[in-house]
Structures are given as C-alpha cells and as structure tokens.
Amino acid sequence: MSLLELENASRLQHGVWIAAAALLAVLILAPWWADDSDLRSIAEFAYLVAIAQMWNLLAGYGGLISVGQQVFIGIGGYTLLILSLDAGISPFLCIPVAGVVSALFAVPIAAVVFRLQGPYFAIGTWVVADVFRLALDNVPAIGGGSGKSLTSALMSIPGWQREATTYWIALGLGVGLTIGVYLILRSRLGLAMTAVRDSVPASESLGVRVGRTKLLIYVASALGLGMAGALIYLTKLRVSPDAAFSMDWTVLMIFIVVIGGIGTVEGPIVGTAVFFFLRAMLADFGPWYLVILGSVAVVVMLKARRGIWGWVAGRFNFHVFPTRRRIRVNSLRSGFAEMPPSPRYLTE
Amino acid sequence: MSLFAVVDPVMQGLLLGGMYALFAIGLSLSFGIMRMVNIAHGDIIVLAAYVTLVVVETLAVNPFVAMIVVVPSLAAFGYVLQRVLLNPVLGDDILPPLLVTFGLSVIIQNLLLAVFSADPMGIHADAVQTASIGLGGGLAVGVLPLIIFASAVAVVAGLELLFAFTGLGRAFRATSDNQTVAQLMGIDNRHLYAVATALALAISAIAGSFLALRTTFVPTLGPSKLLVAFEAIIVGGMGSLWGTLAGAMLLGVAQSIGFRYNSGSGILAGHFVFLAILLVRPQGLFARARRS
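Taken in sequence, the protein lines are chains F and A. Using the working numbering, count along the first sequence one by one with no gaps and you end on 349. Using the working numbering, count along the second sequence one by one with no gaps and you end on 1165.
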C-alpha cells in the first residue's frame, strides 16, 4: 500500500450500481407489466429527470443561471410538430432531430444572451423564450396562438407500439442524459467548466478557453432539452406556444434541482422523487401546491444550500456518481512501511 | 399615411414609457446598490395592484388616496423581506439570491391565484381613468397616462436629489462603489440594504397602483412586467436612472407602433428593440462610464 492512492469505488457504491442496473432492467420491461397510467407516470419521471439534469449541467456545473431554458423545450416541441405533420417524418425519428435543431438554435441565441453577465443573463434568456412564444403566436400555418394537435401524425402507429416506444425513449432520455452529464463531468470539458464556474480569471490564467467552454455547455444543454421537448409533446399530443414556451418548465427544472441538490448528478433524481411525492400529497390544493413547493425551495436555499443530496453526500461521504477523483492519504505508519529503506548515504 | 397615424402612436408610446420607467426603477435600484436582481420584481408590482384594489374596496377611497396606505405597506414588506430572506443569501455567489427571488416569484403568483382567482380584475372608480385632453387634429392624450408620466419624472428627479444631497444617498453610493470599504466607514449594510429594498418596493407600489388604474390585471402578469423593466434598464444603460426613463420611452414607442401595425406584435416589437440594442450597443444608450 502506498502513501497516496486514488480512491476506488466502495462496496456500497458497487451495490447501488447493481441495484440501479436491476431497476433499469425492470423498468425496460415495464410495457409488459405496467398499465398505461403507470407507464405515463414513469415516463414523466424520466423526462423530468432529463430536463432537470440539463438545467443542473448549465447552472450547477457551468455557473450559467438561465431562467429561459423553456425556449429549447418549445423548439423541440415545434420541431416535432412541423416535421411529423408537414414533412411526414416518423415522430420517433423527430426526437433526435429536434435535439440537433435545438442545438443549432442555441448558437445564435448564445451570441445574444452571452452579452449579459450574471443575473442579467438569467433574465435575458427569459426574454428570448418570450420572443419565440410571441412570434409563434403570429404564425397561423402552425396553429398560431391555439397551437396544433399531433394526433393525425400518430394515427398510423398501433396503440401499444406507440405507447411503448414513447415510454422507452423517455426512459432512455432520463437515463442517457444522466449518464451523459456524468461523462461530461469526468472529461476535460467538465473540469474546464467547473473551473470557469468557480473563477473566470483563475481558469483563464490556466489556459481554459472560457467563451468556448460556456458555449459548448449551453449547446449541450440545448441538445438535451430539445430532445426532451419533442418527447414531452409526443406524450401531450398538442403543441401550443403558451404551453411549449411556458415558464412552468423552467420552474420545474429549478425546483427539482434546488431541492434535490444543485451541482450533484444524483440531485435531479432525488428532486424529481420529492416533486412527485409533494405533488401527490398536495394534488387537491390547486395553486397552494406551487406555493408550498416554492417555499420548500426557498427554505432549502436559505438553510441547506446544497439540497438533499448535497447534505447526504457531505454527511456520509457517499456518491453514486463520483465526479471528483479523490486521493486517499494512507496512514503514515502503513505508508512508511511500504517505502523502500533510506539509501545508505543518508543514514550514514 | 396621415400625420395622425404617425404622431399618435409615438405620443402614446412615450407616455407608456412613463409607466415602464416606474416598473424599472425599483429593479435598477436593487441592482445598482446591492448587485441583486429580484426575479419577483414584476410579481411585487402585481401584488401592489391587488393591494390597491383591496384598499380601494374595503376603505371605499379614491385610488390616489389608497396609495397613502399601499406605498408604506409595501415599503415595510420590502424592509422585512430584505432582512429575513435576502440579506442571508447575498454574497459573491449570484445563484442563491436569484433562486430565492425566483421561488418568491412563484409563491406570490400562486398566492394571488389562490386568493383572487385567475379572473381579470380592475378598479373602476375614478373619472381620471377616462378623461383626456384634446390637442386638435383628432389627437388626444389621456389624463391618467400624463399623471403616470409626470410621476415617473418626479420619482427619477427625487432619487437623483436623494443620491446627490442626502446622507442616505451618500451611503447608497458608497455601498454601490465598494461594499467592504463602506462597511469599514461605519455603514450598517444589513440595514442599508433593507432601506434600499423598502425604497424599491415603495416605487414598485406606485407602479402597481397606477397599473391597477390603467388596465385590468391577473395574477400571472408579473413576469411580463419584470421583462419590460429589465429591457428598459438594459436599453437605457445601467447605472443611469434618466437613461432608464429614456429606455422605457423607447420601448413604449416601439410597442405602441408594433401594436398599431399588428395587435399581436406590440410586445414583440419591444423585445426586438431590446435585442437590437444588445447586439449593437450592449452597454445601453446612455450608459454612465463605470470603472470596473
């Protein structure tokens, strides 16, 4: 055993990974054992995790706090609408295409909103989302303000096949984007990104290309949100500007991430679970449910800024997705025991 | 195209700018003094509109009289809000204050929905709302928009005087320049920030009362007020209150002309002016030179 050692995964971590893989296998088979309403709930859980991961990537790791990320959900939804209804492309194929379209839109949007700093960036992104909403209100060809139904694009697909495929894509996005964020964080880009978040001058002086890093993260987040947006509207079957570009999407992303634990890969999953629980408990209370959810988020921000998972990880030093490589310093005695004996010219 | 078709929307737009300036000043103050952006700013304006409605109906008073109650109430709310919720999260990290005010925005909106429902409400009490002054040639200006515009000018002038000539104004400027040094000179930041937010909310209360007089309102109106306030600040240039007024007027004109052209694209025209300014002159039209 040497003095310094890279920490390996613990036995508990292995256990969690195996349990997660087993759970995933059960979930993949869900179309054969679950009824329609369960399938829809799991799909919703998965796409909420997906969009929360995308906001977490941007804000929690990239330090880019946007309250206008609904713009990419909307772009995804409208890409699905236009391509499946007017171009006759398979709605399932539209989902990856929507991600690409959304990422392409992210580049010019970034050119505008990146001119704003800090908190003003946040509101600038919101203006952009409002521009899209208002502009699509004025395009009657795709339904104008009242939007358009997708039903006719889906009629040719048999019911079970449609439900199951939609479900698998949702599950794939939830799991895939979570793993995607984890892989980005373990990469050079992830390291550069968190450096930029923590200090722009320091990271710049170490050779991180700040502008490029921010842009890459923004585009990556748009890619994920565009796919999620197309999937979401595949389940909702109707796209309208007010719903697709609604602030509510970003409200969900932010509350889920803040409550679950900002800046952790596990946080969005925990936050989505808390969200589902609160929503089920408060279903009969109308607007009060958002009042309570908002209050929980504010209290978390005031009292436990790192959220539920941040607290767990700090308290028990446990990570399902360890994004930092930790070096363990072994006790001096065992460390010295392994060291070669001092050369003679030193001891003599 | 007749002269009327050009002059009328421009004139109405300039006056509308007075309303937008009142929306923007509170937001500009809290950023200028504390480097904090209050995402709930628009919702607080809408809250003030509802408070005005309640005061007018329960006390059966003229809306202008109601402001004597509404403005101090919101100022007190602002003071407490800053001390209890916002001071603890202010710091180098911009994320916590943004997220707390974001949560507050959702809370206020949904509280208003729970209490007042989503039905549009308005105050129909005063002759001022419909009165107008004819200028000949078919042109007329409403008395209420004129009063609102005059109030905006008065608020900006009053704040400039406050900053230039009072101890409080000096303390605000000192804190804005360098918070740490100001603290070393004996300024109690927590109190000063709370006073700044009280002031910002007092002005937002005036804006909210005028909003209630001018149009009907719904609980979800807040974000659109925040956006127009934000755009006025950026267009006018940060750090200049007169610039904010000018930016607000430019947005008002853009919206008014856009609205005349196509009733669905008024607000969109305002957004385009904002985006154009951001691309061409990101420091805003009347930015005050700032060392940073």
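One or more of the hints may lead you astray.
[Stated by the list, open to error] Heads up, incomplete: computed chain A residues facing chain F, CB under 7 Å, no partners named:
1) P961
2) L971
3) L972
4) V979
5) H1144
6) L1148
7) L1151
[Unchecked claim] Okay, the calculated beta carbon distance ranges per label pair:
8) G212(F) x A878(A): 41 to 47 Å
9) R189(F) x V1153(A): 31 to 37 Å
10) A878(A) x P202(F): 37 to 43 Å
11) S990(A) x S147(F): 20 to 26 Å
Calculated directly from the structure, the hints in this document are not laboratory data. Predicted model, so just to flag it, every value in this text is computed and none were measured. Each residue gets a CB set at the ideal place from its N, CA and C atoms; glycine is no exception.
Results of checking the hints against the structure:
1. P961: Status holds, d = 6 Å.
2. L971: holds, 6 Å
3. L972: holds, 5 Å
4. V979: V979(A) check passes; min Cβ-Cβ to chain F is 4 Å, inside 7 Å.
5. H1144: Holds, because the Cβ-Cβ distance from H1144(A) to chain F comes to roughly 5 Å (cut-off 7 Å).
6. L1148: holds, 6 Å
7. L1151: holds, 5 Å
8. G212(F) x A878(A): 41 to 47 Å: holds, 45 Å
9. R189(F) x V1153(A): 31 to 37 Å: holds, 36 Å
10. A878(A) x P202(F): 37 to 43 Å: violated, 53 Å
11. S990(A) x S147(F): 20 to 26 Å: holds, 23 Å
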